[in-house]
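J.: Here the protein sequences come in this chain order: R and Z.
Numbers 0 to 191, taken from numbering that gives the first Met the number 0, label the letters of the first sequence in order.
Numbers 0 to 205, taken from numbering that gives the first Met the number 0, label the letters of the second sequence in order.
Rather than coming from a laboratory, the hints here were simulated on the basis of the structure.
For every residue, glycine included, the Cβ atom is placed at its ideal position computed from N, Cα and C.
Every clue listed holds true.
Only some residues are given here: those of chain R computed to face chain Z with a beta carbon under 7 angstroms: (1) LEU11; (2) SER14; (3) LEU15; (4) ILE18; (5) CYS19; (6) ALA22; (7) GLY25; (8) THR33; (9) GLN36; (10) GLN40; (11) SER126; (12) GLY132.
Chain Z is nowhere near these chain R residues, computed Cβ spacing over 12 angstroms in every case: (13) GLU51; (14) VAL55; (15) ALA64; (16) HIS73; (17) ASP76; (18) LYS81; (19) ASP88; (20) VAL92; (21) ARG101; (22) GLU144; (23) VAL151; (24) ASN152; (25) GLU159; (26) ASP160; (27) LYS183.
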Amino acid sequence: MGKSNVAKILRLVISLTVICVIAGGGLALTYAMTEKQITQQAAIEETKSNKEAFPVAKESGNFTARDDLTQKVHNEDKDIQKVYEVKVDGKRVGWVVQVAPRGYGGPILFDVGIDPKGEIVGISVISIKETPGLGENVMGPEFTEQFIGKMVNDNLKVGEDIDGLTGATISSDAMALGVKKALKAAEMLGGN
Amino acid sequence: MNAFSEIWQDFKNGLLVENPLMRLMIGLCSSLAVSTRVENGLFLGVGATFVLVCSNVIISLIRKIIPDEVRIPMFIVVIASFVTIVDLAMKAYFPGIYDRLGVWIPLIVVNCMILGRAEAFASKNPVIRSAADGLGMGMGYTIVLIIMGVVRELLGTGSIVLFENTIVTLGSGFKPPVIMIMFPGAFLTFGLLMALLNRLQNRVDA
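Only chain R is shown next, with the shape it has when bound in the complex (with noise of 0.2 angstroms):
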């Protein structure tokens, strides 16, 4: 090899290590800069909606991740994602459960609120990539609002006790599958 090609193999490695260092400096200073604010802003969604999927905790509610348990359902359940326990002024009143059932566009993410008694109380869509106009509008209450009241020995079939949306019968399933589990995981959990 001559001195002419060392020289210029070398002006390639150095050309690219500088771009590389560069780049990876400019990345590093965004990520520092937005971090707090994408935290911040995925802990507010999440109280948001754990106060929709749990209505009656509402205004004094307080919501506190269970990882401990958590992991003992998602063991059990890969679909379930987090166990939130409700209390009001100290005492249990119930649980909330976050499922990501798969869709049609990917996996829907959303939580369900369920008493000490097993009954669903509300639910309420966190993140979904369904078709807009068709498997998206299963976050609306007219969809969402039938399973209210429903426990784990229901049959939660679409076409059974539940309404599907015309049109969206994979998104409809796929809610209708995530509110199952997330009643069989409240069952689970039980008194716990």
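Start from chain R and add chain Z according to the hints.
T.: Chain Z only, in chain R's frame:
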């Protein structure tokens, strides 16, 4: 031609004469996937425009010191960095829309419009002209996304919703043809829009 009119020309170029979607036909996949809603199109368009302008400026600045053999990887590093910045910023400030756009934000990296402009324009032209080119191309892209979004969202869902406010609605009597929201609707809208544009162009030329 003086400098100002040259810059104006570069900017105007991307809007219509060389509109990336309608004329150059690059960056099509994202336009078909994202134009289901006006809001999605707007945000992806703005994100892509930001990346396009910034990467054009940086690439133009370093165009004389980039070794020719590694120019593509260097372009990609620059583009990917700006895309990551957009990704983080949207996640922080518009989480709802970030969620809905999903994979299409990181995929701006591989939008051929951006690498295409870096290679065809920014690597050969001075900074201000490259910025004008990026802005024009980006806005041309955004405008087409918005037009497609208006047609598809209005016909496919019966109303247009922007930032959780309903802007226009066709009333409850209107039964939206679902096909407009699905992929065939994207092709249909795109094809008809292009036909319309060609017809207008022919008129002007004649």
